[in-house]
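Protein chains in written order, with numbering that gives the first Met the number 0: chain U, 0 to 447; chain A, 0 to 777.
It should be emphasised that the hints constitute simulated quantities derived from the structure, not laboratory data.
Where is the CB? At the ideal position from N, CA and C, for every residue including glycine.
One thing to keep in mind: the hints can contain errors.
With a straight-line Cα cutoff of 20 Å, these simulated PhoX-like cross-link-like pairs (lysine-lysine) come out [unchecked claim]:
{"id": "1", "chain 1": "A", "residue 1": "90", "chain 2": "A", "residue 2": "104"}
{"id": "2", "chain 1": "A", "residue 1": "569", "chain 2": "A", "residue 2": "529"}
{"id": "3", "chain 1": "A", "residue 1": "330", "chain 2": "A", "residue 2": "293"}
{"id": "4", "chain 1": "U", "residue 1": "230", "chain 2": "A", "residue 2": "529"}
{"id": "5", "chain 1": "A", "residue 1": "429", "chain 2": "U", "residue 2": "236"}
{"id": "6", "chain 1": "A", "residue 1": "529", "chain 2": "A", "residue 2": "723"}
Okay, the calculated beta carbon distance ranges per label pair [said to hold, decoys possible]:
{"id": "7", "chain 1": "U", "residue 1": "64", "chain 2": "A", "residue 2": "242", "range": "55 to 63 Å"}
{"id": "8", "chain 1": "A", "residue 1": "277", "chain 2": "U", "residue 2": "64", "range": "40 to 48 Å"}
{"id": "9", "chain 1": "U", "residue 1": "356", "chain 2": "A", "residue 2": "537", "range": "54 to 62 Å"}
{"id": "10", "chain 1": "A", "residue 1": "224", "chain 2": "U", "residue 2": "260", "range": "31 to 39 Å"}
{"id": "11", "chain 1": "A", "residue 1": "305", "chain 2": "U", "residue 2": "277", "range": "23 to 31 Å"}
{"id": "12", "chain 1": "U", "residue 1": "253", "chain 2": "A", "residue 2": "240", "range": "34 to 42 Å"}
{"id": "13", "chain 1": "A", "residue 1": "311", "chain 2": "U", "residue 2": "72", "range": "34 to 42 Å"}
{"id": "14", "chain 1": "U", "residue 1": "260", "chain 2": "A", "residue 2": "478", "range": "33 to 41 Å"}
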Amino acid sequence: MTKSWHLSRRDVLRGAGTVMALPVLEAMFPHTVRAAADDSTAPRRMAFLMVPNGAHMPDWTPQETGNHFELPYILEPLKNVKDQLLIINGLTHDKGRPHGDGPGDHARACATFLTGCQAKKTDGDDIFLGVSVDQLAAQKSGKQTRLPSLELGIEGSAMAGNCDSGYSCAYTSNISWSSSTTPVAKEINPRFVFERLFPNQLGVDPETLDRQHRRRVSILDYVLEDARRLKLRLGTKDQRKLEEYLNSVREVERGLLALEQNPATDVDKKFRPDQAPETYEQHLRMMTDLLVLAFQSDSTRISTLMFANEGSSRSYTSIGVAEGHHELSHHGNDPEKQHKIREINRFHVTQLAYFLERLQSVQEAGGSSLLDSCMIVYGSGISDGNAHNNEELPILLAGSGGGSLHTGRSVRVEAETPMSNLFLSLLDRFGTSVDQIGDSSGRLLGLS
Amino acid sequence: MKYLAGRQKRSQKWILQPACLILFFSPPLLLAEESVPSPDVIGFLEHHCVGCHDEEDSAANLSLHGFADRQQLADDHHTVQRIRKMLVSGKMPPAEQDQPSAEEKQQLVEWLDTKLAEVDCRQFPFAGRPTLRRLNRYEYRCSIRDWLGVDFAASTEFPRDEVGHGFDNMGAVLSLSPLHLEKYMLAAETIVQEAIATSVPIRLVRRNRRDIHGGVQTDRARALFTNGLVHMPFTSQGPGTYDIRARVFASQAGDELAKMAIVVDDRSIHEAEVRANSNAPQTYETSTFLEEGKVNVGVRFLNDFYDPDNPDENRRDRNLFVVRLEIEGPKDPPLPPVLPDTHVRVIPCSQIPNHVHSEACLHEVLERLASRAFRRPLRHGELERLLQLALETQADGAGFEESVQHALAAILVSPHFLFRVEELPTSAAKDHQPHAINAYDLATRLSYFLWSSLPDEALRELAQSEQLHESDVLRAQAIRMLQDPRSQALVDQFAVQWLNLGQLTLVTPDPETFPEFDEDLRNAMLQESKLFFASVIRQDRSILDFLLSNDTWVNSRLARHYHLEGVTGKDFQHVVLNGNRTGGVLSHASVLTVTSNPTRTSAVQRGKWVLENLLGTPPVPPPPGIEPLPEDSAANEDGLTLRQRLESHRSLAECATCHASMDPLGFALENYNAIGVWRDQEDGQPIDAIGGLPDGTTFDGPKELQEFLFKKRHLDFCRCFTEKMLTYALGRGLQYQDQCTVDDIVQSLEHNGFRFSALIEGIVLSTPFRCTQSADNS
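With the hints as constraints, model all of the structure from the sequences given.
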């Protein structure tokens, strides 16, 4: 390895053009050998990427099914990874429909996206949904990695009001749920993600690290005891809240122990993305860069990433769209608005392409690419943003899941096939089979 | 109305006495069925309501079909309330339907009132019980500041808090994930380092363009268009080596690159050529030795150059742009500690020779820290566990200060600090009746309501002496606390969320339509609303001033926006308005902007905002399948004005009811454009700002709308404002049983000139605020 591999801080921050890219791990650390290298089969990874407000379906859905299909306008940016795609047309999230609950399609669609469950309509005390597919996988397998899962996003919760016609903001700003009542907060700050992935400060002497570790464990033991004693004195509603606390303490403690057994990659803090991203695109790219690093360093194998909160009114001025995304999505069949919607859709897919190509550029120990080992689900819980329909969802898979998915195809499933069936099939491939998730009615066949 | 008269008398008693205590002395008041009119309730529903509200097509998710008799309806309190609200507001039955006579309507409303009164707190006083509340980011920050004197930026370090019922302090909604706990751990490590000195800590000071001086502020940087200096003051905490970093870019002209120097006071430390362009600013770093004390750190532009005739327009002007300055240090081995104030405050015995490292000192320090953090005296065994923790750390090689740091970190992560734990009085566990909470919990409720922070010394003393439950004492404390600077929390937290001003940081007015919109204006808009709210608190003004006043706060930037003369400078000043523009939140550019689309106003959004945030009657969301009006586009192929299209949209029966009471409110505000500038014309057409409500009321322009709200809808506003403040104070959504509390407070407001303090007093003296009851009966 030549000296030129070592990137300076300035190189890192300058990155490519206006976007600062985090370097991939080999470039940062020529001496690092990934922990799983002794095992010739790469572990499988799973990520769920969610975009808000549906898509302009005529420019999303390929005309043909099978191996020979043209990428429609919105998906064109994926041309370099086309053979890694499996576009699944016709999936439905029935639980996104009102079923008597009235308006609030965005909240319902977002809530059901990874749970297949119908959100309880409330903007207050009694949110209730179900466990999401990523968290099911994490709960069953997460002990293999230091972080059971990694929840990422670009926007935090909305700041005021109920978020959608009487639905809590918890539903529109989270897709990961560790229990029916517990959304898993997502991290939106690239620096904090970096610190979670690489908690070690390079160059700190082992004694200091050891001491820090002991101190942290001692604090966790102390507060765990506090919480146990407190719980005995609380009513049932309060006990549920405290249960969240207890779970979190155990989870963090588990993470600390895992760090001891399976030390995190040493990464110099100078590579930490300290400054806040200046644009949305930069922010998204930093998050996807971090996600690549997370998979590559085997810090986690499960992740979710929300490109924006559901119902987002973000405007995309960098591609000439001044109007808010949500307002536009109610296009009323106005061609000009539909045009802008599909530009936003394509812009998001461009970011997806960047992520996938980056995954593909990373070689794993066995010689395959990191993307080969992945099962990336990308899409929205709403189909057309104007009609707010929940059938015919825009959903695609990327990565072959270690050869377990037959990619390079566009397929169509029977009408009303639950998206939850796809989740069951993915969990099988991930080695964390369950019998049921949300409204699943069976496995989704024909993926292999 | 006889019913109201009776109610009033009782309610005064209610407010003046500790509500939970009188329960034992006042037998349930049973209102005799015969004493009220007996309208044909079911007949009324069948005739006027079930056409839409039947089981199959239950409009607004409400079915009014199938009640066997009045009693069955009366038992469904929620439905009773909804019917009452719609009848009273005149929204139902819809205008195009057969209308009940005024008398019929009146009778029904009275009957509904009676039924509500029978079941609610008059008979079964209600306190409710908020779920265990986690401190939100703002509360965490205020608590740490007031307790330890450390300013920890919780709002950037912690995940955003979930919002319910419009506010981010709802116990049931605030969740706690492993991510939170990780952050709490890291925060604790940072805070204890700052609070307790073990050596001179390394500090990083980072200032972006807004907080540095010199040059010209642009939207990305401080620009130096001629040779000159951009700088910031810095106080070195101790002698040592400091890293100085400047993030800059340049525009180029002539034969040489832009040159800059990093300077400390007038001393040039490091010179560099700046190649970076605006697409990719670069960070330049150097280090230098500084003595303890104040210095000025900055960047100087050295070679300004101007070449107006260059054919390449990108090569005509050489300028330097400074995005950010940072300084970090001291980096050298630490020196003997200079104790910060916080350290002395946390470890007062550190000032007493020979006492410093004793176990007595440790004992004293930990007891103070924990009881302050937990907001109550320590329980049996708690102090012992903390002492043990600290001593174990000492045995593990930590010095005295470090062991205190460690115990303090444990306190900071303890559920007793992170949650506001209120214990149910043992007597309450069985009877589901309201019982007074203990005095420490009351002090905590009070301080988090008004300060978003933990109780101060005065409150703790009153809690300890068991005086805080006395109404006079409680009232006096509330007044004292409102006048304290910490009540700024009500502005930052309550006002910003009530007025939806969080949205102001997210809106993006179209730069082509509104080139004058910039960050300074955005900030000034927010500041105006905050200052206005703060003046209502501090000067104890009438809350009706939110609807209409003749004053506001502006700086020169906002004054220009408002076409006001004679205001200079960045500082805000109080101004009296006497032109078209009035005061009150509806004329604040902040509110007008967050209720607009990027390119144009939205009468619908503004009307909806008024209904939701001022009148407390949020419109029902459009039914599924209804196309929202494409009002955000100026293009109209059919040659209709936006107003005409809105009116045609309203001709659809399913849309008409809501829009008829919503849009006119927005129309009246049409004199304000999408960023709140007054206008008399749009696209050459005069503005039509006439709004007419279904009941025949009309108003022309913002002032008449505000006068209408002020004179005719002020009680609706009081109720709405009270409900929101009570929700915020209690940390839970209101239930129908809370109506009596709201009624009482609204009355008290009326009797006290609508003064802000009357609202706050009403809340802190109310049953739900002072009492709790078991929530485990369901």
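Exercise. How does the Cβ-Cβ distance of residue 260/U and residue 478/A compare with 33 to 41 Å: does it lie in that range?
Worked result: About 58 Å separates the Cβ atoms of residue 260/U and residue 478/A, which means 33 to 41 Å is violated.
For this session: Sort out whether residue 529/A lies within 20 Å of residue 569/A, counting only the CA atoms.
Result: holds, 16 Å
Exercise. Taking the beta carbons of residue 64/U and residue 242/A, is their distance inside 55 to 63 Å?
Worked result: Given range 55 to 63 Å: holds, Cβ gap about 59 Å.
Problem set entry | Consistency of beta-carbon spacing, residue 64/U to residue 277/A, with hint 40 to 48 Å | At roughly 47 Å between Cβ atoms, residue 64/U and residue 277/A fall inside 40 to 48 Å, so the hint holds.
Exercise. Quick one: are residue 253/U and residue 240/A within 34 to 42 Å, going by C-beta?
Worked result: holds, 40 Å
For this session: Kindly confirm whether 34 to 42 Å is satisfied by the beta carbon distance between residue 311/A and residue 72/U.
Result: Since the Cβ atoms of residue 311/A and residue 72/U sit about 36 Å apart, the hinted range of 34 to 42 Å holds.
For this session: Just tell me: holds or violated, for the beta carbon distance of residue 305/A and residue 277/U against 23 to 31 Å?
Result: Taking Cβ atoms as reference, residue 305/A and residue 277/U lie about 28 Å apart, which means the hint holds.
Exercise. Holds or violated: are the alpha carbons of residue 330/A and residue 293/A at most 20 Å from each other?
Worked result: Satisfied, since the Cα-Cα distance of roughly 17 Å is no more than 20 Å.
For this session: Please test the hint of 54 to 62 Å on the beta carbon pair from residue 356/U and residue 537/A.
Result: At roughly 58 Å between Cβ atoms, residue 537/A and residue 356/U fall inside 54 to 62 Å, so the hint holds.
Problem set entry | CB-CB spacing for residue 260/U and residue 224/A relative to the 31 to 39 Å hint | violated, 58 Å
Problem set entry | Proposed proximity, residue 104/A with residue 90/A (alpha carbon, max 20 Å) | At roughly 12 Å apart (the allowed maximum being 20 Å), residue 104/A and residue 90/A satisfy the hint.
Problem set entry | Holds or violated: residue 529/A to residue 723/A, with C-alpha atoms at most 20 Å apart | holds, 17 Å
Of the hints listed earlier, those the structure fails to meet are numbers 4, 10, 14, in rising order.
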